[in-house]
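From just these sequences and the hints, can you work out the full model?
If you read the protein sequences in the order shown, they are chains A and B.
The opening residue of the first sequence carries number 275 in my numbering; numbering runs sequentially from there.
The opening residue of the second sequence carries number 4 in my numbering; numbering runs sequentially from there.
For the record, the hints were derived by calculation from the structure and aren't laboratory data.
Take the hints with a grain of salt, since some may be wrong.
[What the hints assert, rightly or not] Cut-off 27 Å, straight-line C-alpha distance, at most; resulting in silico cross-link-like pairs (DSSO-like, lysine-lysine):
no. : chain 1 : residue 1 : chain 2 : residue 2
1   : B       : K129      : B       : K142
2   : B       : K142      : B       : K241
3   : B       : K11       : B       : K34
4   : A       : K407      : B       : K23
5   : B       : K126      : A       : K407
6   : B       : K224      : B       : K11
[As the list claims (entries may be wrong)] Pair ranges (Cβ atoms, derived):
no. : chain 1 : residue 1 : chain 2 : residue 2 : range
7   : B       : D203      : A       : P430      : 34 to 42 Å
8   : B       : D187      : A       : R328      : 33 to 41 Å
9   : B       : A141      : A       : V342      : 20 to 28 Å
10  : B       : F243      : A       : V331      : 52 to 60 Å
11  : A       : L312      : B       : Q13       : 53 to 61 Å
[Said to hold, decoys possible] Which chain A residues stay away from chain B? Per the calculated CB distances, all over 10 Å, these:
no. : residue
12  : P330
13  : R366
14  : F446
No experiment lies behind these values; they were computed from the predicted model shown.
Glycine included, each C-beta is placed from N, C-alpha and C at the ideal position.
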Amino acid sequence: MQAVLDLIPLDIGLILANFDRFMWGVWMTLNLTFLALLCGGLLAIPMAIARASRHPVLNPMVWGYTYVFRGTPLLVQTFLIYFGLGQFEAVRESWLWDPILSSAWWCAFIAFTLNTAAYSTELLRGAIIDTPKGEVEAAVATGHSYAARMRRIILPSAFRRAIPAYSNEVIFMLHGSVVASTITLQDILGVGRWLNGRYYLAYEGFITAALLYFLIVLAITRLFRWLERNYLGHLAPRDSEAPASPQ
Amino acid sequence: MAEESALKVQDLHKSFGAHKVIRGVSMEAQKGDVIAILGASGSGKSTFLRCINLLETPNSGDVYLAGEKIRMKKNRHGETVPEDIRQVERMRSRLAMVFQGFNLWTHMTVLENVLEGPVHVQKTPKAEAREKAAALLAKVGLSDRADYYPAHLSGGQQQRVAIARALAMDPDVMLFDEPTSALDPELVGEVLGVMRDLADEARTMLVVTHEMGFARDVSSKTVFLHQGEVCEEGAPSKLFSNPDTEQFRAFLSRMN
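And the structure:
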C-alpha cells in the first residue's frame with residue numbers, strides 16, 4: 275500500500291489530514307450554489323413571463339436587467355457588491371449593512387442569485403415562447419384565462435422543455451461559485467487556496483478541489499438524466515406504439 | 004316566443020390587413036343541427052369558425068350563444084375587442100373546439116387532457132369529472148389508453164381524445180375545424196365514426212370539412228363559402244343533387 279502511495283507525487287496524508295476542511299468547503303459551495311439557484315430560479319419565473327409578454331414596461335425593464343447581468347462577469351458583479359457597496363456611507367449605516375451587506379456570504383449569495391436569475395430568465399423565456407401554438411389555442415378555446423393558461427399549460431410544458439438547457443446553467447453556476455473564494459469564503463477552492471498558502475503545495479489543494487467539483491458535476495448530471503427521463507418522457511417516441519401521425 | 008337558437012352569427016366580417024377574408028357571413032344553428040361548412044382553401048371557412056369563439060377577433064358582426072350576445076367594443080386604436088374577457092372565457096367553455104392538428108396538451112396524459120377543462124375551468128369536483136372522463140374515453144374507444152401521453156398515440160387516436168376532451172365540457176355547440184384533414188386516409192374513418200355518433204345524439208355541431216360524404220349524409224344543413232361569403236346553403240340532399248350556383252358545381256366536380 276505504502277509503495278503505491280509513494281508512486282503518486284502527492285502528499286495524500288496532508289489531504290486526508292485536512293479532509294474535514296474540504297468537507298466544510300463542499301458544504302459552503304453547495305449551500306451557496308443551490309440557495310442561489312433556488313432563489314434565482316424563483317425570481318426568474320415572473321421575469322420570464324414578463325419577457326415573454328408584450329408588456330410595454332415590464333418586458334424592456336427585465337430585458338435591461340438580464341442584458342447587464344449576462345453581459346458582465348460574475349467576478350465583477352461580486353466585487354461590486356462586496357467591495358463597492360461598502361464605500362457608501364448610507365449603505366454602511368442602513369439596516370442592510372449589519373447582517374447582510376457586511377457579510378461575504380451574503381454578498382456572494384446576492385451576486386450569484388442575481389446572475390443565475392438573469393440567465394434562467396432568458397432560458398425560461400425561450401421555452402415559454404416555444405410552447406406549441408396549438409396547445410395554447412386549445413387552452414384558450416377551452417376557456418382558460420391568461421393566468422390559468424400560464425399555470426396549467428404553458429409553464430408546466432416550458433419547465434419540462436427547459437430541463438436539458440437548465441442542467442448547463444446549474445453546472446455553470448457551480449463552477450462560477452469559485453468566485454466566493456476571492457472574497458474570503460472557504461468554499462472548495464477556498465480550502466485549496468488555503469492549503470497552497472499554508473504549505474506551498476499547489477497540487478494537493480487544487481487537485482483535490484478539482485476532483486470534488488468533478489464529483490459534484492457527476493451527481494448533477496445524473497440528477498438531470500433522471501429528471502429528463504421522468505419529465506420529458508412524454509415527448510419521446512415509444513418504439514412499440516403506433517407512430518403519431520404528423521400534422 | 005320561439006326557442007332561442009343555439010348559435011347565431013350575424014353579418015360577420017374579418018380582414019387580415021387589407022385582405023378581406025370574411026365578408027358578412029350570417030349563420031344560425033338550432034339545437035341538434037349539424038352544419039357542414041364547405042369551401043375551397045382560402046374561402047375563409049376556418050377563419051369563420053375561429054371567429055365564433057374569438058380565436059380570431061372579428062372586425063364586426065355579432066355572435067349569440069343561446070341568445071346571449073358576446074359583447075364587443077372598440078378600443079382607442081379603433082380595433083374591435085371583447086368588452087369583458089370573463090364573458091368571452093365563459094362563452095368559450097360552452098363552445099368546444101376540435102382542431103385540425105388535435106392540439107392535445109403534450110405534457111398531460113390522455114386522462115389529464117380530458118379532466119383539464121372540467122376540473123380547472125368549470126371547477127367540477129374531481130371524482131365526478133373522473134367518472135365522466137372514463138365514460139367519454141370508453142365512448143371514443145380509448146379506455147385502455149387513459150395513461151398514455153399524446154405523442155404515443157396515432158393521429159386518429161389523438162383526435163378521438165380531442166373529441167372526448169371537447170365533450171367533457173358538456174358544450175352547447177361543438178366546433179370542428181377540419182378534424183380529419185391531418186389524418187392518414189386509413190385513420191379518417193374512426194374519427195368520422197365518432198362524429199356520426201355525436202350527430203345521432205343531436206349534438207349541435209359546426210363542422211368545417213373536406214369530407215363530402217360526411218356533409219351529404221350527416222349534416223342537417225350544408226353551407227358553401229366562396230371568397231368569404233355564403234355562396235349556397237340548404238339541405239344537403241338538395242345541394243348535392245342539384246346545386247344552384249356555378250361555383251358550388253365546380254367545387255363539387257373538383258372534389259370528386
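Evaluation of the provided hints:
no., hint, in the structure
1, B:K129 to B:K142, "20 Å, holds"
2, B:K142 to B:K241, "33 Å, violated"
3, B:K11 to B:K34, "11 Å, holds"
4, A:K407 to B:K23, "24 Å, holds"
5, B:K126 to A:K407, "25 Å, holds"
6, B:K224 to B:K11, "14 Å, holds"
7, B:D203 to A:P430: 34 to 42 Å, "37 Å, holds"
8, B:D187 to A:R328: 33 to 41 Å, "38 Å, holds"
9, B:A141 to A:V342: 20 to 28 Å, "57 Å, violated"
10, B:F243 to A:V331: 52 to 60 Å, "57 Å, holds"
11, A:L312 to B:Q13: 53 to 61 Å, "55 Å, holds"
12, P330, "14 Å, holds"
13, R366, "49 Å, holds"
14, F446, "26 Å, holds"
When held up to the earlier numbered hints, the structure conflicts with 2 and 9 and fits the remainder.
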